[in-house]
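From first to last, the protein sequence lines are chains A and B. So the number in our numbering is just where the residue sits in the first sequence, counting from 1, plus 1. So the number in our numbering is just where the residue sits in the second sequence, counting from 1, plus 15.
Note that these hints are calculated values from the structure, not bench results. Keep in mind that a hint or two might mislead.
[Unchecked claim] Below, a list of computed lysine-lysine pairs in the DSS-like style, where the Cα atoms sit at most 30 Å apart: (1) A/Lys260 with B/Lys437; (2) B/Lys438 with A/Lys284; (3) A/Lys284 with B/Lys436.
If you're wondering where the values come from, they're calculated on a predicted model, not measured in any experiment.
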Amino acid sequence: MGKKSLTILTAIVMMAACGWAQDLALKGGTILTITKGTIENGTIVIQKGKIAAIGKDIAIPDGIKVIDVTGKFVMPGIIDSHSHIALTDVNEATDPVTPQIWMWEALDPGSDAIRTTLAGGVTTVKTMHGSANVIGGVNVTIKLKYDRPIEELIISGVRQQLKMALGENPKRVYGEKGRSPSTRMGNAFVARQAFIEAQEYKAKWDKYEKDKAAGKKDLTPPKKDLKIETLKMALEKKLSVDCHTYRAEEIVWIINFCKEFDLDLLQISHCIDGYKVADVMAKAGVFYGGWVDSWGFKEEAYDGCPYGMQIMYDAGTKMVINSDSPVVGRYLFREAAQVLKYTDIPENEALKMITLNAAESLELDGRIGSLEKGKDGDIAVFDKHPLDTTTKCLMTIIEGELFFDYAKQSVTAKGEDR
Amino acid sequence: MKKFIQFSLVLFLLLLAARASGANDTILIKNGTIVPVKGGSDMVGDLLIENGKISQLGINIPAPAGAEVIDATGKYVYPGLVAVMTAVGVTGYPQAGNDTDEVGTSTPQMDPYDALNPEDDCIEVTRVGGVTTVQTISGSRSVINGKSLVIHLGGTLAEDMIAHRYVAQIFNIGAKEQNKFPSTLPGVVSYLKTMLNQAKDYAQKQSEPAKEDSSKRDLAMEALVPVVTGKVPVIFITNNEVTIRNALALIEEYKLDGIIRAGSGILKYADRIAKSNIPVIWAGTESLPQRWQPHDLNYHTAAVLAEKGVLFTFDSGGYGPGNRNVRNITRPAAISVAHGLSETDALEALTINPAKILGIADEVGTLEKGKIANVAIWTGSPIQGRSRVETVIIKGKLIPMTSFQTRLYDKFRKIVDERMKKK
Numbered sequence: 002m003g004k005k006s007l008t009i010l011t012a013i014v015m016m017a018a019c020g021w022a023q024d025l026a027l028k029g030g031t032i033l034t035i036t037k038g039t040i041e042n043g044t045i046v047i048q049k050g051k052i053a054a055i056g057k058d059i060a061i062p063d064g065i066k067v068i069d070v071t072g073k074f075v076m077p078g079i080i081d082s083h084s085h086i087a088l089t090d091v092n093e094a095t096d097p098v099t100p101q102i103w104m105w106e107a108l109d110p111g112s113d114a115i116r117t118t119l120a121g122g123v124t125t126v127k128t129m130h131g132s133a134n135v136i137g138g139v140n141v142t143i144k145l146k147y148d149r150p151i152e153e154l155i156i157s158g159v160r161q162q163l164k165m166a167l168g169e170n171p172k173r174v175y176g177e178k179g180r181s182p183s184t185r186m187g188n189a190f191v192a193r194q195a196f197i198e199a200q201e202y203k204a205k206w207d208k209y210e211k212d213k214a215a216g217k218k219d220l221t222p223p224k225k226d227l228k229i230e231t232l233k234m235a236l237e238k239k240l241s242v243d244c245h246t247y248r249a250e251e252i253v254w255i256i257n258f259c260k261e262f263d264l265d266l267l268q269i270s271h272c273i274d275g276y277k278v279a280d281v282m283a284k285a286g287v288f289y290g291g292w293v294d295s296w297g298f299k300e301e302a303y304d305g306c307p308y309g310m311q312i313m314y315d316a317g318t319k320m321v322i323n324s325d326s327p328v329v330g331r332y333l334f335r336e337a338a339q340v341l342k343y344t345d346i347p348e349n350e351a352l353k354m355i356t357l358n359a360a361e362s363l364e365l366d367g368r369i370g371s372l373e374k375g376k377d378g379d380i381a382v383f384d385k386h387p388l389d390t391t392t393k394c395l396m397t398i399i400e401g402e403l404f405f406d407y408a409k410q411s412v413t414a415k416g417e418d419r
Numbered sequence: 016m017k018k019f020i021q022f023s024l025v026l027f028l029l030l031l032a033a034r035a036s037g038a039n040d041t042i043l044i045k046n047g048t049i050v051p052v053k054g055g056s057d058m059v060g061d062l063l064i065e066n067g068k069i070s071q072l073g074i075n076i077p078a079p080a081g082a083e084v085i086d087a088t089g090k091y092v093y094p095g096l097v098a099v100m101t102a103v104g105v106t107g108y109p110q111a112g113n114d115t116d117e118v119g120t121s122t123p124q125m126d127p128y129d130a131l132n133p134e135d136d137c138i139e140v141t142r143v144g145g146v147t148t149v150q151t152i153s154g155s156r157s158v159i160n161g162k163s164l165v166i167h168l169g170g171t172l173a174e175d176m177i178a179h180r181y182v183a184q185i186f187n188i189g190a191k192e193q194n195k196f197p198s199t200l201p202g203v204v205s206y207l208k209t210m211l212n213q214a215k216d217y218a219q220k221q222s223e224p225a226k227e228d229s230s231k232r233d234l235a236m237e238a239l240v241p242v243v244t245g246k247v248p249v250i251f252i253t254n255n256e257v258t259i260r261n262a263l264a265l266i267e268e269y270k271l272d273g274i275i276r277a278g279s280g281i282l283k284y285a286d287r288i289a290k291s292n293i294p295v296i297w298a299g300t301e302s303l304p305q306r307w308q309p310h311d312l313n314y315h316t317a318a319v320l321a322e323k324g325v326l327f328t329f330d331s332g333g334y335g336p337g338n339r340n341v342r343n344i345t346r347p348a349a350i351s352v353a354h355g356l357s358e359t360d361a362l363e364a365l366t367i368n369p370a371k372i373l374g375i376a377d378e379v380g381t382l383e384k385g386k387i388a389n390v391a392i393w394t395g396s397p398i399q400g401r402s403r404v405e406t407v408i409i410k411g412k413l414i415p416m417t418s419f420q421t422r423l424y425d426k427f428r429k430i431v432d433e434r435m436k437k438k
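The following block holds chain A by itself, in its conformation from the complex (with noise of 0.2 Å):
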């Protein structure tokens, strides 16, 4: 027998003892299921990287490795929609409309972000083109594999969000190179002369296509452009919009010119402003992403108004909590504390606004952000409660796998640096 088949034959017989990589069960937590309530201590099992059981007296499988997590709290990995971590450049910052960039092809698998990231409980991560053009790039999403090949990191069969970029931030990169935009009219003109030679682009390859199938000959295809190409996907749908503004005109403003084009915007991140039109948002169905409690950093942010939320929440505008930075990504759990000090919301929806909600502005609500059969089996473990601010991610699984141990990779817990 060859070395390589023994390795083969060694690796069968450890699956058959151990069970599959992605099987696991939890037992003993307190389950935070978001959809369905507590379940005190509840059972889940993963196979095959999916919930296969969740409740009270659930009988674990044989083989099964089985986590004792007695006493401690149970929810679904947090999902932070929208961050800027594991990317090796973040902005095309060389002109106003880049829409040809492809932030997957920035993604840096072993970035040190994603493990200090995961020991916060989070398991999904929009990352994101920066804030530089009006028009950026697509953004990815991204479950925290640490280290494995890209493949694995990029979830697949979901939509993807074409970032763009209001206000002070498009108008200070363009401005100070002494080029248009400088206001926020040239970041409108910018963002509406580029959807409309989309709409021309797209009307001479439908026109092309039709021909095509008509069994026209002689037919030449229009001249592919890499940057319209991308527009033509959003107009067509096939990639959603997430806007970044503060203030709330240009809020309206972005709801009204997805509108004009039919574009599908998803979320207005760094959403500052939001309670100030929440009305608007919620008829317009679109997410606020924000921080609960920053303001003043800027002079866009000024009004930021913690009390906000409630405005928000009454008006039924949805919403997610939001990073935006690899240091706040790691504690969005302490985040969402932070809506009970200054609001009446629920905890549950708190909660929803790091999980269920994010999946939701992500489009991913069907596979993750809450603890149900079926659901993929991506699950934080915290030593209280999350939302008691003094607790920590002690656990974070993805798909049945273990990638962050606390045990095993904390100083605290080793004491090893006295």
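Fit chain B to the given chain A structure using the hints.
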């Protein structure tokens, strides 16, 4: 929330009316869980405030005639939090620029008093978050930045707010210049030494009998004299191991009353710092670890500092006008508690420790008889992100629980509700 704000407003109007009718500022807080932090143990009881001071703590204190009685049943009474290294009062207006960080490598004479604005929106936002006393600094980006002062966040004129004018000088030992001297860390050290030597000479000259030319004053040197004579402490802003080491060397060589503000790398020096009784402003709880460090090294650092007996407080994660969220000073404390710091140590780090570091421990930082009545009533521990501040008293006066943010809330609550009614 709406009710809470309405309630606050009514309470405020009632208080205004009471004041107009000549009521004094005697306040009796009844039946709260009183957490003195130090100098006493937690108890369910009363706290009496008279003439701006805490006059009595105990059980069943009778209400003096005309006293404002606050029922704190089920609530928690804490000393007002004390925050260091803030820009509260000098954060400026959104369109007029801020008033921190004067241009120049050395500007020790800059005094935040000269820019202090009692209308700074940050004052109200900070105090309704339970922070009642802050150190306001003149800047942080130069090598020698300037003076810093202590204010209580109540009062309508700058002079009413000031507690102490010159509590510490601020050096940034990592503030390298670009394209001019000093552009390296050793350059910064030699620059600081030169300035300190000049200040020593200046102090020497001042102490000598007056000569003809000695009337020429140098305001920068005058600001540094109390530093080199050890009368005013100096806070060294450091951001890594090298800058901490350089700061410690300067403190020792020049016998400075030094304080280390560290963003990372403090643990290696914890024993030495503890032995030398150098206070630490730990600003690195939320700093990202280095690639080779455990994910929670910085989360856990405060616990180690406490264990080694280092006098430390937290920094609210950034200074200057970019950080107006001084009230979130409680977050690094919460993270540290999650990672091994005791809740008692965390509370001390937010109250009495910064008071000690700023030299005002006999005035604020605990609930003790005779101290300035800076008190906040919370729904729970300040360490808990969800705890709300319901009442704030500063220098014995009830503070309206309103801010620029509650006014924004009121305004847009009405606007949004009315628009929704129409549709």
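Here's how the hints hold up against the structure:
1. Restraint check: the Cα-Cα separation between A/Lys260 and B/Lys437 comes to about 22 Å, which is no more than 30 Å; the hinted pair holds.
2. A hinted pair counts as satisfied when its Cα atoms are at most 30 Å apart, and B/Lys438 with A/Lys284 qualifies at roughly 11 Å.
3. For a cut-off of 30 Å, the pair hint linking A/Lys284 to B/Lys436 stands: about 14 Å separates their Cα positions.
In this structure, none of the earlier numbered hints is contradicted; all agree with it.
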